[in-house]
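Keeping the supplied structure of chain A fixed, place chain B upon it in accordance with the hints.
Just so you know, the sequences run in chain order A and B. Per UniProt numbering, numbering of the first sequence is gapless, rising by one per residue and ending at 350. Per UniProt numbering, numbering of the second sequence is gapless, rising by one per residue and ending at 350.
Derived by calculation from the structure, the hints in this document are not laboratory data. Among these hints, one or two may not hold up.
[Said to hold, decoys possible] Restraint ranges, calculated between C-beta atoms of paired labels, are given here:
no. : chain 1 : residue 1 : chain 2 : residue 2 : range
1   : A       : E216      : B       : D83       : 39 to 45 Å
2   : A       : A312      : B       : R32       : 43 to 49 Å
3   : A       : H54       : B       : A175      : 42 to 48 Å
4   : A       : P118      : B       : E177      : 20 to 26 Å
5   : A       : S58       : B       : G62       : 46 to 52 Å
6   : A       : T113      : B       : G62       : 37 to 43 Å
7   : A       : E216      : B       : D183      : 52 to 58 Å
8   : A       : G57       : B       : D187      : 19 to 25 Å
9   : B       : T61       : A       : G62       : 48 to 54 Å
10  : A       : G57       : B       : T61       : 47 to 53 Å
11  : B       : A112      : A       : D290      : 34 to 40 Å
12  : B       : E110      : A       : G62       : 49 to 55 Å
[Unchecked claim] Here chain B is said to cover these stretches of chain A; the calculated rule only asks that three of the stretch's residues, wherever they fall, bring their Cβ under 8 Å from a Cβ of chain B:
no. : stretch
13  : 132-140
14  : 148-159
All C-beta atoms, glycine included, are put in the ideal place defined by N, C-alpha and C.
There are 2 protein chains.
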Amino acid sequence: MTSTDRAGTAEEGGGAAALLDRTRHVVNPQLRSTVESLPGSLRRVAMYHFGWVHADGSPATGQAGKAIRPALVLAAAGALGADPAAAVRGAAAVELAHNFTLLHDDIVDEDATRRNRPTAWTVFGMPDALVAGDAMLALALRVLADDPHPASAAASARLAACVVELCAGQQADCAFEGRGPHDVSLDECLAMAEAKTGALLGASCALGALYAGAGEEEVAAMDAFGREAGLAFQLIDDLIGIWGDPEHTGKPAGADLAAHKKSLPVVAALTSGTPAGAELARLYAQPVLDEKDVWLAADAVERAGGRDWAQAEAGDRMARALHQLSRAVPDPGAAGDLLSLAEFVTRRTY
Amino acid sequence: MTSTDRAGTAEEGGGAAALLDRTRHVVNPQLRSTVESLPGSLRRVAMYHFGWVHADGSPATGQAGKAIRPALVLAAAGALGADPAAAVRGAAAVELAHNFTLLHDDIVDEDATRRNRPTAWTVFGMPDALVAGDAMLALALRVLADDPHPASAAASARLAACVVELCAGQQADCAFEGRGPHDVSLDECLAMAEAKTGALLGASCALGALYAGAGEEEVAAMDAFGREAGLAFQLIDDLIGIWGDPEHTGKPAGADLAAHKKSLPVVAALTSGTPAGAELARLYAQPVLDEKDVWLAADAVERAGGRDWAQAEAGDRMARALHQLSRAVPDPGAAGDLLSLAEFVTRRTY
Chain A
1 MTSTDRAGTA EEGGGAAALL DRTRHVVNPQ LRSTVESLPG SLRRVAMYHF
51 GWVHADGSPA TGQAGKAIRP ALVLAAAGAL GADPAAAVRG AAAVELAHNF
101 TLLHDDIVDE DATRRNRPTA WTVFGMPDAL VAGDAMLALA LRVLADDPHP
151 ASAAASARLA ACVVELCAGQ QADCAFEGRG PHDVSLDECL AMAEAKTGAL
201 LGASCALGAL YAGAGEEEVA AMDAFGREAG LAFQLIDDLI GIWGDPEHTG
251 KPAGADLAAH KKSLPVVAAL TSGTPAGAEL ARLYAQPVLD EKDVWLAADA
301 VERAGGRDWA QAEAGDRMAR ALHQLSRAVP DPGAAGDLLS LAEFVTRRTY
Chain B
1 MTSTDRAGTA EEGGGAAALL DRTRHVVNPQ LRSTVESLPG SLRRVAMYHF
51 GWVHADGSPA TGQAGKAIRP ALVLAAAGAL GADPAAAVRG AAAVELAHNF
101 TLLHDDIVDE DATRRNRPTA WTVFGMPDAL VAGDAMLALA LRVLADDPHP
151 ASAAASARLA ACVVELCAGQ QADCAFEGRG PHDVSLDECL AMAEAKTGAL
201 LGASCALGAL YAGAGEEEVA AMDAFGREAG LAFQLIDDLI GIWGDPEHTG
251 KPAGADLAAH KKSLPVVAAL TSGTPAGAEL ARLYAQPVLD EKDVWLAADA
301 VERAGGRDWA QAEAGDRMAR ALHQLSRAVP DPGAAGDLLS LAEFVTRRTY
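One chain only, chain A, in its complex shape (with noise of 0.2 Å):
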């Protein structure tokens, strides 16, 4: 069975999407109690950022989004032989570690919304956002620390060498902000998207790989598998940044755009060389983008060949994952839930 067969396999099965029933099933009391231990302010800050409380603390019945992350964890244990239960702690980490990352990236970026919902900093401000942050990080290794298990010094010290990863690539995101628009290499922006992206899915299978007792060699090429699944990932999130349905994304259409994202497709499409990329360079120069300005740019963008090759580009990546998938995993039949995962994230539909 090639690569592709497999693929195809989990594609028609679209297990996906129960399996990530199932994962926040089995880790949202987890993480829930976690994020209740916390005292007083900053639990009310983490529980809105879940989507578990309305800002003035009443109950809530939003999602905590999708749980790729934590399915990811136990996806991993699970192909290599272990109970995905005994992995849950990973699981809970990992989700918290993620969501400590987007409180912050939320700050940083000044964004406004998300998950259809004002961003916590826009309700709490600043100063509680940060600090529930901070301690959203702290409880990540803290549920980590306090796991018996075995494999959960190992899984800390992943995770904490991950973060700092994390922490590289959001301080690169926001670098290439302010840098001109012939002035970032697409060789720099994949780097980045994998430190930002790429490292927490990794860090997530290679925590489920130590759960199940794995040796160094099926951790290393279980966080490969999940880096490359998370760059094709990241590919397709930039593609939904600007092509995206606001139904679907809890976000204004083309907002990446508005915000002078130099995403992926975006960079793509200014390093073309392409009379469309130099029509972008020149919308990228306006200190604002109207409605129509985003439309164009999005059309500038497509023209210079930046959402072909975003695509073909995710598509490399998932091949490169399914092959670092077989060195780690060598039954095919065990892979089946990490590649309906795989398949999932990257055909989103936008």
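Below, chain B without anything else, positioned relative to chain A:
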């Protein structure tokens, strides 16, 4: 030998400065190599914050702070019979955690000056300072997670729990600033100071005990010693924030009053029920305090008894600290370094 005798001896010995020097000598190589492992821009922000480089990246001869927390780790380990050098990663970890809080607190409090230099966020911008702080917290936990010492897992758990407490303290501190002059009780203020300052000094001592292989009770007594000494330290620090010599503090005189800070002596004055307390409340109701107002406010704190109360409370907390220390380390000879440090932090000239 009574606690008072011992305190007297430590003071005469005056060994704290030498102890802090020795600590920096032992811990700085670990601290520096850990910080230098950060990628690019994060490294520069962190190194600037520690005083190792100027804003342009050229080497500086500044000092990374007094290293009180690392000294507590090493002294606690030594007091319980361990080789202090074995706890060097624990010492580096608490210093990283401390500096993470400084980086973020400066952002949240909009402080422009620290250690006689512009704060990192004023030099590098809020986003880079925020993310560098995040990375420093991750490093603190990574330096423990990577430590092969058998105590490192328990140390990680303790430090992660402590950081949650630090966050709660910082959040409470911010919340108090927004409340009216009579809306913060002295008890709330003491609880906040315990979380914001006592917790990390307590955790430093507890980490030292863990590295010495101490039992639960000794670790708890060491934690309590550090917490009480930490409260004494905070009380003195608050006095310095009002009456400190700018030459020593690196901050303008009365900086805390100008910032309407509800520090412990201020809250003691505000809740004193005295005419001077009411005067202080009127001054604090002004949106801006000029130089003369700051002088009047300091005088009002003093006349309302805030200064005397803080000094007496600091003495009381020190007595409790010494009691806890005698529980953790029954041999007074072995406790000498910890005593020197506790005396040092509560007898700083201002």
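Hint by hint, here is what the structure shows:
1. Taking 39 to 45 Å as the suggested C-beta distance range, the pair E216 (chain A) and D83 (chain B) does not conform, at roughly 31 Å.
2. The hinted window of 43 to 49 Å between A312 (chain A) and R32 (chain B) holds, with their beta carbons roughly 44 Å apart.
3. For H54 (chain A) paired with A175 (chain B), a C-beta distance near 20 Å fails the hint of 42 to 48 Å.
4. Evaluation of the 20 to 26 Å hint for P118 (chain A) and E177 (chain B) yields a pass: the beta carbon distance comes to about 23 Å.
5. Separated by about 50 Å at the C-beta atoms, S58 (chain A) and G62 (chain B) satisfy the suggested range of 46 to 52 Å.
6. Distance hint for T113 (chain A) and G62 (chain B): a CB-CB separation of about 42 Å, consistent with the stated range 37 to 43 Å.
7. Evaluation of the 52 to 58 Å hint for E216 (chain A) and D183 (chain B) yields a pass: the beta carbon distance comes to about 56 Å.
8. As the Cβ distance of G57 (chain A) to D187 (chain B) is approximately 24 Å, the hint placing it in 19 to 25 Å holds.
9. Under the hint 48 to 54 Å, the C-beta atoms of T61 (chain B) and G62 (chain A), about 53 Å apart, fit the expected range.
10. In this structure the hint that G57 (chain A) and T61 (chain B) lie 47 to 53 Å apart at CB holds, the actual value being about 51 Å.
11. At roughly 37 Å, the beta-carbon separation of A112 (chain B) and D290 (chain A) lies within the given 34 to 40 Å, and the hint holds.
12. Checked against the hint of 49 to 55 Å, the C-beta distance between E110 (chain B) and G62 (chain A) comes to roughly 32 Å, which is inconsistent with it.
13. Only when three residues or more bring their CB closer than 8 Å to a CB of chain B does the claim for the stretch 132-140 of chain A stand; here the count is 7, and the claim holds.
14. Check on the stretch 148-159 of chain A: 4 of its residues sit with their Cβ under 8 Å from a Cβ of chain B, so the three-residue criterion for coverage holds.
Violated hints, in rising order: 1, 3, 12; the structure is consistent with all others.
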